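*Asks:* Residues per chain are reported as follows:
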Amino acid sequence: MLITCPYCGARDVSEFTYQGDGNRQRPAPNSQDLDAWNDYVYDRLNPAGDHNEIWQHSGGCRTHIRVVRNTLTHEISAVQPVRPETKPSPVKPAGRRGARP
Amino acid sequence: MAEYSALALLKNALTGNKDWKPAWRKPEPKAAYDVIVIGGGGHGLSTAYYLAKEHGVTNVAVLEKGYLGSGNVGRNTTAVRSNYLLPPNTRFYEHSMKLWENLSHDLNYNVMFSQRGVLNLAHSPAQLDDYARRGNSMRHQGVDAELLSVAEISRLIPVMDTSKATRFPVYGGLMQPRAGTARHDAVAWGYARGADRRGVDIVENCEVTGFLRDGDRITGVTTSRGEIRAKKVAVAVAGSTGRVMQLAGIDRLPIESHVLQAFVTESLKPVLDTVVTFGMGHFYVSQSDKGGLVYGGDIDGYNSYAQRGNLPIVQEVMAEMLALFPSLAGVRLLRSWGGVCDMSMDGSPIITTGPLPGMYLNCGWCYGGFKATPASGFCFAHTIARDEPHELNAAFTLDRFHRGILIDEKGQGATPRLH
Chain A
27 MLITCPYCGA
37 RDVSEFTYQG
47 DGNRQRPAPN
57 SQDLDAWNDY
67 VYDRLNPAGD
77 HNEIWQHSGG
87 CRTHIRVVRN
97 TLTHEISAVQ
107 PVRPETKPSP
117 VKPAGRRGAR
127 P
Chain H
22 MAEYSALALL
32 KNALTGNKDW
42 KPAWRKPEPK
52 AAYDVIVIGG
62 GGHGLSTAYY
72 LAKEHGVTNV
82 AVLEKGYLGS
92 GNVGRNTTAV
102 RSNYLLPPNT
112 RFYEHSMKLW
122 ENLSHDLNYN
132 VMFSQRGVLN
142 LAHSPAQLDD
152 YARRGNSMRH
162 QGVDAELLSV
172 AEISRLIPVM
182 DTSKATRFPV
192 YGGLMQPRAG
202 TARHDAVAWG
212 YARGADRRGV
222 DIVENCEVTG
232 FLRDGDRITG
242 VTTSRGEIRA
252 KKVAVAVAGS
262 TGRVMQLAGI
272 DRLPIESHVL
282 QAFVTESLKP
292 VLDTVVTFGM
302 GHFYVSQSDK
312 GGLVYGGDID
322 GYNSYAQRGN
332 LPIVQEVMAE
342 MLALFPSLAG
352 VRLLRSWGGV
362 CDMSMDGSPI
372 ITTGPLPGMY
382 LNCGWCYGGF
392 KATPASGFCF
402 AHTIARDEPH
412 ELNAAFTLDR
422 FHRGILIDEK
432 GQGATPRLH
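Protein sequence lines, in the order shown, are assigned to chains A and H. With my numbering as the guide, the letters of the first sequence map in order to residues 27 to 127. With my numbering as the guide, the letters of the second sequence map in order to residues 22 to 440.
A couple of the hints might just be wrong.
[What the hints assert, rightly or not] Rough simulated footprint, nothing fancy, chain A against chain H, three-plus residues with beta-carbon under 8 Å:
#, segment
1, 267 to 281
2, 338 to 350
3, 422 to 436
[As the list claims (entries may be wrong)] Below, simulated SDA-like cross-link-like pairs (lysine to any residue); rule was C-alpha separation at most 20 Å, straight line:
#, chain 1, residue 1, chain 2, residue 2
4, H, 431, A, 75
5, H, 86, A, 73
6, H, 86, A, 75
[What the hints assert, rightly or not] In silico negatives: residues of chain H with every beta carbon more than 12 Å from chain A:
#, residue
7, 250
8, 287
9, 411
Derived by calculation from the structure, the hints in this document are not laboratory data. Given the structure is predicted, the values throughout are model-derived calculations rather than measurements. Glycine included, each C-beta is placed from N, C-alpha and C at the ideal position.
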């Protein structure tokens with residue numbers, strides 16, 4: 027499985043750390059809504075199909091990324107930085123493209 | 022009465038093996054049952070067996086999407102153990118061990134349960150201390166456990182590298198002598214035959230496509246073979262829990278489905294007569310009766326329903342194998358495969374009534390469901406028949422997360438990929 031990091035290009039999954047379900051909404055830090063905290067900490071959508079998830083390129087540029095990945099086929103249909111305002115540079119580092127099949 | 026006695030073998034050999042009675046029938050599903058068990062894996066079949074045997078509930082159907090034994094019951098690495106630290110787990114898995122010890126007799130079907138021991142290796146003094154603590158906890162609760170020295174381990178497993186020259190030298194280990202392996206397909210077949218002979222309908226190639234409801238109450242299922250009504254609907258579908266529960270409108274559970282890979286090598290002469298686990302990673306190995314080495318490792322670590330994994334885990338498992346058994350470097354792999362595990366948020370299972378009226382849920386087995394097969398069915402059958410949990414599964418509730426009564430054996434928190 028290859029994940030295309032917005033900064034580094036297509037890299038092997040072993041360079042990435044899975045941060046889990048990207049659908050979860052963290053309650054405000056001072057929230058006392060126990061149901062909302064329970065949902066955030068323990069409950070998961072766990073779909074069979076497209077799944078919104080967060081990965082970190084921990085063995086590379088260390089960026090956190092949002093990935094849409096099909097849990098039935100492992101096919102990745104979208105990757106973007108967690109913070110959309112931090113747009114990746116359009117220039118890719120030389121020699122990366124095609125370096126890893 | 023043994024169905025497969027020497028006399029029966031001889032008689033059928035002389036008559037061309039035409040008169041064997043099938044181990045289970047292929048019934049058409051009836052319009053209604055007292056209990057429907059969704060999932061014809063080990064847990065679903067043992068649930069049906071104990072419903073009939075212990076509770077006299079025989080108007081039961083087990084609905085299996087594929088063929089019997091096609092899921093995790095035929096994909097696991099067959100280890101059976103009860104070497105847990107926390108009392109709810111220790112009690113439950115030790116009950117399972119006791120059922121295993123009599124299972125072949127109980128089912129009148131040889132499940133080839135082999136108490137060859139499971140040895141957890143420690144690679145640092147701190148890890149050995151931790152194992153001593155777990156061993157003490159086990160012995161305190163009546164479970165067998167022995168702390169072994171390096172000298173004892175190298176006598177026990179001469180093929181393993183226990184020298185000080187390795188990257189992670191062995192410091193000792195925790196052995197559970199009564200643990201071991203069982204023939205996983207035979208467990209499915211034995212429970213299926215036992216349930217079938219007591220009147221349970223095992224319906225293969227019957228996929229549940231939805232739930233019938235009367236208000237909140239579940240009153241049956243729609244399937245690829247028509248509607249089937251039931252007073253009680255039990256869900257025991259392991260890795261498919263998310264998919265099946267979604268059909269009932271429950272789309273959020275403390276479960277993530279992950280893929281776990283397993284591997285088997287070509288046959289060797291006997292080299293390993295116990296189950297060994299590597300303590301500096303996640304690797305376990307045993308030798309099957311056919312002679313193949315069975316390797317297992319960590320889950321791939323991301324949500325997956327694919328029943329196949331990726332190469333980094335293959336590499337990791339082989340690296341850990343080589344760290345322990347450099348002399349086996351030339352042994353070739355025959356096959357690898359993947360199974361979908363229902364990883365819970367604390368690493369412990371869920372066996373409970375609900376979450377909807379008329380429904381019963383059995384899930385959260387992570388990658389340890391096989392050894393639990395007898396006790397899981399035993400407790401789930403009790404929970405279904407009596408509408409309340411058995412004392413052994415009373416702690417395995419669905420709401421324990423919300424209530425803060427987790428059973429977190431490893432102390433990893435709500436990060437399923439680490440359990």
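*Asks:* Closer than 8 Å, Cβ to Cβ, for at least three residues: run that test on the segment 267 to 281 of chain H against chain A and report holds or violated.
*Replies:* Check passed, 8 qualifying residues.
*Asks:* Just to be careful, I want the Cα atoms of residue 431 (chain H) and residue 75 (chain A) compared with a cutoff of 20 Å; is the pair within it?
*Replies:* Violated, because 30 Å separates the two Cα atoms, which is more than 20 Å.
*Asks:* Verify this for me: three or more residues of the segment 422 to 436 of chain H with a beta carbon less than 8 Å from a beta carbon of chain A.
*Replies:* Satisfied; 4 residues make the cut.
*Asks:* Is the claim that residue 250 (chain H) lies outside the interface with chain A correct, judged by CB distances over 12 Å?
*Replies:* The assertion about residue 250 (chain H) holds, with a minimum of 26 Å to chain A.
*Asks:* Within a Cα-Cα threshold of 20 Å, do residue 86 (chain H) and residue 73 (chain A) meet the stated pairing?
*Replies:* Holds. Residue 86 (chain H) to residue 73 (chain A) sits at ~18 Å (cutoff 20 Å).
*Asks:* So residue 287 (chain H) supposedly isn't at the interface. Is its beta-carbon more than 12 Å from every beta-carbon in chain A?
*Replies:* holds, 27 Å
*Asks:* Going straight from one Cα to the other, do residue 86 (chain H) and residue 75 (chain A) come out at no more than 20 Å?
*Replies:* At roughly 19 Å apart (the allowed maximum being 20 Å), residue 75 (chain A) and residue 86 (chain H) satisfy the hint.
*Asks:* Check the non-interface label on residue 411 (chain H): least C-beta distance to chain A beyond 12 Å or not.
*Replies:* holds, 24 Å
*Asks:* For the segment 338 to 350 of chain H, do at least 3 residues have a Cβ located nearer than 8 Å to some Cβ of chain A?
*Replies:* violated (count 0)
The structure shown violates the earlier hints numbered 2, 4.
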